[in-house]
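**Q** Now for the letters of each chain:
2 protein chains.
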Amino acid sequence: MRFTSEQRLDDGVLEREFTLGEIPGTLWTPGSAPAPLILMAHNNGLPKAQPRLVARARQTAAYGYAVATIDALGCGDRPRSAADEQARAELRRAMRAGEPVDEIFESVVGPMVEKAAPEWQTTLDALLALPEIGGPVGYSGWTALGIRLAVVEPRVAAAGFFAGGYVPRAQREEARQITVPLLLLLQWDDEGNPRQRALDLFDAFGTKEKTLHANMGGHLGTPWFEMEDGGRFYDRHLK
Amino acid sequence: MRFTSEQRLDDGVLEREFTLGEIPGTLWTPGSAPAPLILMAHNNGLPKAQPRLVARARQTAAYGYAVATIDALGCGDRPRSAADEQARAELRRAMRAGEPVDEIFESVVGPMVEKAAPEWQTTLDALLALPEIGGPVGYSGWTALGIRLAVVEPRVAAAGFFAGGYVPRAQREEARQITVPLLLLLQWDDEGNPRQRALDLFDAFGTKEKTLHANMGGHLGTPWFEMEDGGRFYDRHLK
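For the protein sequence lines, the chains are A and U, in the order given. Residue 1 is where the first sequence starts when you use this note's numbering, and the numbers rise one by one after that. Residue 1 is where the second sequence starts when you use this note's numbering, and the numbers rise one by one after that.
Honestly, the hints are just simulated from the structure, not real lab data. Incorrect hints may have been included.
Identical chains blur together in the list; that is why a pair holds if it fits in one copy or across any two.
Calculated lysine to aspartate or glutamate pairs in the DMTMM-like style (CA-CA distance at most 20 Å, straight line) [unchecked claim]: (1) K239 <-> E228; (2) K115 <-> E85; (3) K208 <-> D189; (4) K115 <-> E6; (5) K208 <-> E191; (6) K239 <-> E226; (7) K115 <-> E22; (8) K115 <-> E103; (9) K208 <-> D235; (10) K115 <-> E226; (11) K208 <-> E153; (12) K115 <-> E153; (13) K115 <-> E132; (14) K115 <-> D84; (15) K208 <-> E173.
This is chain A alone, in the form it adopts within the complex (with noise of 0.2 Å):
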């Protein structure tokens, strides 16, 4: 793990980009360590650079947890296979034309979950080597990719998702095999996010430990005080 930047913010949290072979990242340590660890990723392999998570990031870190985001393998600026563009460019096209997306959400974002979950675990291993950081993990953000990991990774301790209307088969499947404490944040009228299947996976999860919040509005409208809810459930199971 190679720091390639770093820079204090305000509230002394470190921000710092690093590379981990052909993985870039970035890191945000509070003032106080060691920290315990929340892995945060954006929904279906967004830029780890988006605005909104790195907002989302420094909050977290601010309020006494290590961070840490990738662009794993086929997410974010990473490159891409002709395919996968292709892929890409179908699915976008399919929900603007209001068309039925399944076949082509699995096609784009099942083999992404496949390939980045492992970059995703090379990357703890490393985290985990930092003084600054100290166990446990959890895990925050992309429904699919944290069912992976929350089901592959004994080190992920609890796991807070958003959303989760569109999950590929495989992690359906995969999210009654969960056992650690979840809570599964979804806005009523995501307009990409079918309600049903949300709340359909919210019965599936295996693990006895799970919680819902919902609220109203689109996508992007999460209320300001689900961002301190996340903060004390986490508190609960990390600190």
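Got chain A sorted already, so can you dock chain U onto it with the hints?
**A** Chain U only, in chain A's frame:
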């Protein structure tokens, strides 16, 4: 309003029994005054002395709120007509037998809400005249009564409801008229409250500022942290 007994609890909360005409009530006030007020009602007219309600009221008062509850007409230990008693016996029998209960429930709880709401309003008048109680006013508990009060009583500024699987027809209609911020707390496997009805009710509430919290388990399985989450909901709107 006449106070008939009082005791000071360990955490400084003053617990007083009162009568207001025919209405028996309990008022909990925190050490600091004047405090915002929460009207706390138990589902479907259970007695105000029921230990879970008392525990919740005491905790809420220790958290900085004045809390009041009453046994309204037809509720708790107040005398009931022979017809009321018979309808309730029939409801219990049908529930035990696993028979459909909608119509019986309607005949028991519909009139109960009609009779209870004016007494809660009378009590509110008297409570707000006390120097130790400030505005604004929140509501907590019994969904059907809370819907009615949130619609007819402009002094109610925020409402937290529990369960919501069975709600009389009149209140299912009135739900669309609610405009105050609202938190609906439900238990995913609540044996007495069909989940889909609670979700439909949440969808129907007219307010744009509504949040749903759902947790695993049966009617009595609400996790402890929802008490804190509820406290923060009231803090956002009443403090």
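**Q** A separate judgement is required for each hint: does it hold in the structure or not?
**A** Evaluated hints:
1. K239 <-> E228: Cα proximity of K239 and E228: in one copy and across copies (15 Å, 17 Å).
2. K115 <-> E85: within (15 Å within a copy, 64 Å between copies)
3. K208 <-> D189: between (26 Å within a copy, 11 Å between copies)
4. K115 <-> E6: neither (28 Å within a copy, 66 Å between copies)
5. K208 <-> E191: between (29 Å within a copy, 16 Å between copies)
6. K239 <-> E226: For K239 and E226, the Cα distance is within 20 Å both inside one copy (19 Å) and across copies (19 Å).
7. K115 <-> E22: within (13 Å within a copy, 70 Å between copies)
8. K115 <-> E103: Intra 19 Å, inter 55 Å, cutoff 20 Å: intra-copy only.
9. K208 <-> D235: Within one copy only: 18 Å inside, 29 Å across.
10. K115 <-> E226: Classified as neither; 30 Å inside a copy, 37 Å across copies.
11. K208 <-> E153: within (19 Å within a copy, 39 Å between copies)
12. K115 <-> E153: Cα proximity of K115 and E153: one copy only (15 Å, versus 56 Å across).
13. K115 <-> E132: Neither way: K115 and E132 sit 28 Å apart in one copy and 62 Å across, limit 20 Å.
14. K115 <-> D84: within (12 Å within a copy, 64 Å between copies)
15. K208 <-> E173: The answer is within: 17 Å in one copy meets 20 Å, while 34 Å across copies does not.
When each numbered hint is compared with the structure, violations occur for hints 4, 10, 13.
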